[in-house]
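> One-letter residues, chain by chain:
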Amino acid sequence: MDFNTIVERLIAKWPEVEAPKIENGDPFAVIPAKNTVEILRYLKNDPDLSFDSLMSIAGADSGRELWVVYPLHSFKHFHRFMVKVVLPRVNPEVESVSGLWQMADFFEREAYDLYGIHFKGHPDLRRIMNPPDWEGWPGRKDYEYPMDYQGIPTVRADQFFDDRISKEVGEREAKEKELVAKIEAEVKAKLATAGKPEEKK
Amino acid sequence: MPNVVIENVTNPRVHSEEMVLSMGPHHPSTHGVLRLEVVTDGEVVVSARPDIGYLHRAIEKIGEYVDYRQFMPYTDRVDYLCSMNSNYAYALAVEKLGGYKLPLRAELMRIMVAELNRISSHMICIGALAMDMGAYTPFLHGICHREKVNDIFEEVCGARLTYNYLTIGGVGYDAPPGWIEKCDKFVHYLYPKMIEFNDLITGNTIFQERLCNVGIVSPEKAINYGLVGPNLRGSGVKFDIRKNEPYSIYDKLKFDVPVGDGGDPNGSNPRGTLGDSYDRYVVRVKEVFESLKILRQVVDQMKENEKLPAEHPDRQYQAKLPARLRIKRGEVYCRSENPRGETGYYVASDGTDKAMRIKIRTGSFSALGCFEEVTRGLLIGDVIAVIGSFDIVLPEVDR
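Quick mapping for you: the protein sequence lines, in order, are chains A and B. Those letters in the first sequence? Residues 1 to 201, per the numbering used here, in order. Those letters in the second sequence? Residues 1001 to 1399, per the numbering used here, in order.
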């Protein structure tokens, strides 16, 4: 079944579903956050669609809002579909689909860890990549890298933009320039003396 | 603590207690920095929870700060055992998003290095699995064959582990003179060696006893848990992205998709059950033979291609693309078949020369997701067998 037929079916049931016109890439449908599990359960269980495989769950930050993207695939009919949920930056909440596909467990934990998207009804929503006491949501565009973690500096003092280092480097470069100029002058002088006898000939 | 008196095993006053065993993060059999929080009741595993993130390098976040071409070396580090395939998956996603077309020679070169890398990755997997089961020699055989592949790659791109060979729109360098003959020689070298390898370990009774009926994943469970690649096919689901969603020129090549056939008296695993560890192992061994079959066809096509004049469009190894790639707004989920299964790149572009978001979906990550379910009720020694048979590579899990 192709993309447009699936979207028409969804719109007949849930009028809020949108399919934005795209110029490039894969087509996708934007579904409302409050009906996420309902719509995905329909996509999974309907015999004509039977999207029994969830390929991935990707959290994303577009700069204005957060996305959760669900690419689906059917092992029965070999067709694909992509669903997107758009969430606000403050208190992003969406229902968990780990009851439908078990693989969503780890992927939702990852989206929670990196983007702070709260999946309601998830059995064990913890951080997965970062340590449990890490602060902030590192995947977001406005995330600022912390300068220390539990009192341990994460950036070396001499690594970036340190005045002392830049001063030393400046001095060294100046010395090198002087040396180069000196050598060039010597070479020129040598050439000048070596060139004279040739002119006489 | 109850007063335990060990006088008689059948004594009702003797209690069994659950114990937490922390396995890792550098346990020699965990294939990397994986930590398992194992709750045991005697020798039996009550639950084994993977604790990951020790190798998290925020590769996906780096992808938002560098442009499309500069991200290629980072994809090497996503899965170091099959860098070529990781490169390939990323290049495919960007090419699909940008709508770039490739010359034939570039496609052939890509398939050649990808299949060679698949062989070398499977060599490590099956060798390491045998080593985990107590047989040391097969690992050395695997390493020995892998060295030959590394020599071939060194000749074409100069590196032996992280190749950074594929570029967006083709491959980095053309094949040096004599390289194709070297690949041909390798195919003829490996075929008898693999048969020898099979005699050594695949039919070994001790090896089979350790793996049969251990860590069973039924087909429904495998699909629901998002297992991919050889792990999925080991459960009897005949699905290969090269066959079912062909990319590049895979639809013109002839090869089979091996699946697990545990319990079938005429199959390769008559003692076991469908979807056990031995099935997953056998699928990998069979895949090596399929890759050799593909390589033989591609080598023939390359020899044909060599005869074309140097200016012919099919003879070029790179497509002509602009120096700075600006891709129109859009998003794509593109997947390709890696040794560890489907590697999917979700790439979203916002019209600039940098990606807005790159999400890497890897096979090992979802394999660890079902780990707790599969290992429940097994013995501790069998947990190691399950890790080895899932072929988990930790940099790919943590990214």
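Since the hints were derived computationally from the structure, they do not count as laboratory data. As the structure is a computational prediction, the values presented were derived from the model and not from experiment. Glycine included, each C-beta is placed from N, C-alpha and C at the ideal position. It cannot be assumed that every hint is accurate.
Label-pair distances were calculated between CB atoms; the ranges are [what the hints assert, rightly or not]:
1. ASN1213/B with PHE3/A: 56 to 62 Å
2. ARG64/A with ASN1213/B: 30 to 36 Å
3. VAL1039/B with LYS167/A: 40 to 46 Å
4. ASP1251/B with SER50/A: 23 to 29 Å
5. ILE1062/B with GLU93/A: 25 to 31 Å
6. GLY1134/B with GLY151/A: 33 to 39 Å
7. VAL1039/B with MET1/A: 32 to 38 Å
Listed next, the in silico DSS-like pairs over lysine-lysine satisfying Cα-Cα at most 25 Å (straight line) [to be verified]:
8. LYS21/A with LYS1243/B
9. LYS1096/B with LYS21/A
10. LYS1101/B with LYS1286/B
11. LYS1286/B with LYS1148/B
12. LYS21/A with LYS1328/B
13. LYS44/A with LYS76/A
> What are the numbers of the hints that this structure violates, sorted from low to high?
Violated hints (numbers, rising): 1, 2, 3, 6, 7, 8, 10; every other hint is consistent with the structure.
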